[in-house]
Amino acid sequence: MSEMYVVSWFTNFFSMDFDVGSVIRIWDYLFLSEENFEIFLAVAIMCELRETLLLKDSSGILSCIKNLQSIVSIDLCLKYALHM
1281 MSEMYVVSWF
1291 TNFFSMDFDV
1301 GSVIRIWDYL
1311 FLSEENFEIF
1321 LAVAIMCELR
1331 ETLLLKDSSG
1341 ILSCIKNLQS
1351 IVSIDLCLKY
1361 ALHM
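The sequence shown begins at 1281 in the working numbering and counts up one residue at a time.
Since the hints were derived computationally from the structure, they do not count as laboratory data. Check the hints yourself; a few may be wrong.
What the hints assert, rightly or not - The calculated lysine to any residue pairs, modelled on SDA-like cross-linking and capped at a C-alpha distance of 20 Å, are: (1) K1359 to D1299; (2) K1359 to E1328; (3) K1346 to M1326; (4) K1336 to F1293; (5) K1359 to R1330; (6) K1346 to L1356; (7) K1336 to K1359; (8) K1346 to M1364; (9) K1359 to R1305; (10) K1346 to E1315; (11) K1346 to S1313; (12) K1336 to E1318; (13) K1359 to Q1349; (14) K1336 to F1320; (15) K1359 to F1298; (16) K1359 to M1326; (17) K1336 to D1299; (18) K1346 to L1333; (19) K1346 to L1362; (20) K1359 to S1313; (21) K1336 to N1316; (22) K1346 to L1335; (23) K1336 to E1315.
As the list claims (entries may be wrong) - Computed spacing ranges between beta-carbons, pair by pair: (24) L1334 to H1363: 30 to 36 Å; (25) S1353 to S1295: 14 to 20 Å; (26) D1337 to I1304: 30 to 36 Å.
Positions of the beta carbon are idealized from the N, C-alpha and C atoms, including for glycine.
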């Protein structure tokens, strides 16, 4: 079930998970960066969530993935994804 949330990151280009300002920054990076940036961003998000996810059960993991806006620094993830 959790893979469905990650799939939505790619099909909606993160627009369902972040506010408009964050989505505009994400899309700027997507359009200006190299191929596969969306994958690098997803990896960066998962890396930022790693410690939190390791402490959660399956329902807690789903809750984290559904509420990215409140627990992920998109600016930090964008910077990390750029350096991959």
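Okay, the hints, checked on the actual structure:
{"no.": "1", "hint": "K1359 to D1299", "result": "holds, 18 Å"}
{"no.": "2", "hint": "K1359 to E1328", "result": "holds, 12 Å"}
{"no.": "3", "hint": "K1346 to M1326", "result": "holds, 13 Å"}
{"no.": "4", "hint": "K1336 to F1293", "result": "violated, 26 Å"}
{"no.": "5", "hint": "K1359 to R1330", "result": "holds, 17 Å"}
{"no.": "6", "hint": "K1346 to L1356", "result": "holds, 19 Å"}
{"no.": "7", "hint": "K1336 to K1359", "result": "violated, 26 Å"}
{"no.": "8", "hint": "K1346 to M1364", "result": "violated, 25 Å"}
{"no.": "9", "hint": "K1359 to R1305", "result": "holds, 11 Å"}
{"no.": "10", "hint": "K1346 to E1315", "result": "violated, 26 Å"}
{"no.": "11", "hint": "K1346 to S1313", "result": "violated, 26 Å"}
{"no.": "12", "hint": "K1336 to E1318", "result": "violated, 25 Å"}
{"no.": "13", "hint": "K1359 to Q1349", "result": "holds, 17 Å"}
{"no.": "14", "hint": "K1336 to F1320", "result": "violated, 24 Å"}
{"no.": "15", "hint": "K1359 to F1298", "result": "holds, 16 Å"}
{"no.": "16", "hint": "K1359 to M1326", "result": "holds, 14 Å"}
{"no.": "17", "hint": "K1336 to D1299", "result": "violated, 25 Å"}
{"no.": "18", "hint": "K1346 to L1333", "result": "holds, 12 Å"}
{"no.": "19", "hint": "K1346 to L1362", "result": "violated, 24 Å"}
{"no.": "20", "hint": "K1359 to S1313", "result": "holds, 12 Å"}
{"no.": "21", "hint": "K1336 to N1316", "result": "violated, 29 Å"}
{"no.": "22", "hint": "K1346 to L1335", "result": "holds, 16 Å"}
{"no.": "23", "hint": "K1336 to E1315", "result": "violated, 33 Å"}
{"no.": "24", "hint": "L1334 to H1363: 30 to 36 Å", "result": "violated, 23 Å"}
{"no.": "25", "hint": "S1353 to S1295: 14 to 20 Å", "result": "holds, 18 Å"}
{"no.": "26", "hint": "D1337 to I1304: 30 to 36 Å", "result": "holds, 34 Å"}
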